[in-house]
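Chains A and B supply the protein sequences, listed in that same order. Going by our numbering, the first residue of the first sequence is number 116, and it counts up by one from there. Going by our numbering, the first residue of the second sequence is number 111, and it counts up by one from there.
Hints in this document: simulated from the structure, not taken from any laboratory. There may be inaccurate statements among the hints.
[To be verified] Below, a list of computed lysine-lysine pairs in the DSS-like style, where the Cα atoms sit at most 25 angstroms apart:
no.	chain 1	residue 1	chain 2	residue 2
1	B	K137	B	K165
2	B	K249	B	K189
3	B	K165	B	K186
4	B	K184	B	K171
5	B	K171	A	K255
6	B	K165	B	K113
7	B	K189	B	K137
8	B	K208	A	K481
9	A	K255	B	K165
10	B	K113	B	K189
11	B	K165	A	K481
12	B	K165	B	K178
[Stated by the list, open to error] Covered by chain B, according to a simulated footprint, are these stretches of chain A (three or more residues, beta-carbon under 8 angstroms):
no.	region
13	142–153
14	182–190
15	244–254
Every residue, glycine too, gets a C-beta built ideally from N, C-alpha and C.
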Amino acid sequence: MMDNIWLASAVWIGLALASSLISIRLALSVALIEIVVGAFGGNLIGLPLTPWVNYLAGLGAILLTFLAGAEVDMEVVRRNLGASIGIGFVSFLLPYLGCMLAARYVLGWPWPQAQIAGISLSTTSVAVVYAVMVETGLNKTELGKIILAACFVTDLGTVLALGVVFASFTIWLLAFAAATIVVVALLPKAGPRFFALVGQRVSEPQIKFLLLILFALGGFASAVGSEAVLPAYLIGMALAPAFQHDPELPHRMRVIAFAVLTPFYFLKAGSLVEAKALVSGALLIALFLGMKMATKFVGILPLTRYFRFENREGMYTTLLMSTGLTFGSISALYGLTHNIIDQEQYTILLTSVIGSAVVPTVIAQKWFLPKIGLAKQEV
Amino acid sequence: MFKHIVIANDGSEGGLRALTLACDLAKLHHATLHMISVEEIPDVPASIDEVIEIKTEQNHKFHDALVKARAVAKEKGIKLDAEVVAGHTVAAIVAFVKSRNAELLVVGFMGHSALFDRIIGSTADRLVRLAPCPVLVVK
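Full structure from sequences and hints, please.
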């Protein structure tokens, strides 16, 4: 049946639809449900990863990363430069080193595999942090803005690591870096000018223009052994100020991405989870999750003291910065699809990443909610 | 007997029925009526936009619910202290009941699917278990 492209499409989209319905019912993120549904699908019915599925999933990951970059509030980062860069950088570096060294010296994984473990678990989920801050009203306070800005810095660290660590250091890498710098420098002004020139039309020249840049730099990145998500995040960041001024274009891109592209990415990410590795690797999953949280604590908690956060707010910030989902899963899947890690290691890393989306959030909300509690919402 | 009554309104028909009954009870007991509505933000979202989209949708829903609730309370001659918060429904309602020292919580029957009810229980089930005061479930 899976040889029939349309029936195979029906199966994938059917699973995506089921995930959407479950996520609406349970008020949980569709991305998380898609990973879980994908895991069931992959283990129970076997979801074949045809070239077209891989293409759609890859494009989904690029757009996800681009849109994450486009959410960076540069003004907030600029206003809180010291605290956000300090907390954000440490929040990336210590888990990266801690998880990588644990994988290398405790588990005996070779360096490239240990690198993937470090990168996958270095992340912070900006979206999870943002959702919790909306509930508490922290998103409107200076503390909330510092935390959010720090999350952007952590994400940048993860994306840079993924783009640079496995790249081949040749003259072409320099050429790729130069091309990226030129595009990122020109886009903040050239992008909005082009968008205004062509206007919003059914044929979507604005989206095609962005896809052209994403594909071209992504192709360049792949050719030098880097990763297409690196330029995608940087291009998103370059256009973030323009998008915050006019959010209609990224919204249309998001609709396309979440309707037909990211479901393939998240379902694929889930389908590659090996059920038996979940059981046999339970201890390792706990080890990686524990290591990620411990290193985030060692790095971030003292900084929250330095920046004069209250005790409770410091713990809360540290726990929120320990979350991760999208970039963690992208990094683990990168490792698997480039044959750096095997499926068992992938299962362990992805499950640890999912655990890091849930466990720190629950602890933070249950025991360390700042005294302001749930904020009254303006409706 | 009741000085403070809390009505938990999820914006549904059941919530409106519960509000109508709560107004009658508040009038009968000369009690203050407090209303809480809880916006559910997804727990593990993949993007900030996902949060904003759901928050906007919930704002619209509860704006309408608030307008309706105020109209019902006005018609019944009851002053309504209404609040909308974002968070986990059961935890937020229980915290609100405690903060208002309420002696009665009135809720509409907020059912899920039969399977969900059997495995996890409905919101009303959990409120009956966790609220610090008597709970009146209106069907």
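Here is what the structure says about each hint:
1. K137(B) <-> K165(B): Between K137(B) and K165(B) the Cα gap is close to 34 angstroms, so the pair fails against 25 angstroms, i.e. violated.
2. K249(B) <-> K189(B): This hinted pair holds, its Cα atoms lying about 24 angstroms apart.
3. K165(B) <-> K186(B): Violated, at roughly 31 angstroms.
4. K184(B) <-> K171(B): Holds, at roughly 20 angstroms.
5. K171(B) <-> K255(A): The given pair, whose Cα atoms are some 22 angstroms apart, holds under the 25 angstroms limit.
6. K165(B) <-> K113(B): 33 angstroms, violated
7. K189(B) <-> K137(B): 10 angstroms, holds
8. K208(B) <-> K481(A): OK: K208(B) and K481(A) at ~17 angstroms, within 25 angstroms.
9. K255(A) <-> K165(B): 15 angstroms, holds
10. K113(B) <-> K189(B): 13 angstroms, holds
11. K165(B) <-> K481(A): Holds, at roughly 22 angstroms.
12. K165(B) <-> K178(B): 20 angstroms, holds
13. 142–153: Per the Cβ count (6), the hint holds.
14. 182–190: Held - the region 182–190 of chain A has 3 residues with a Cβ nearer than 8 angstroms to chain B, which meets the minimum of three.
15. 244–254: Check passed, 4 qualifying residues.
Comparing the model with each numbered hint stated earlier shows that hints 1, 3 and 6 do not hold.
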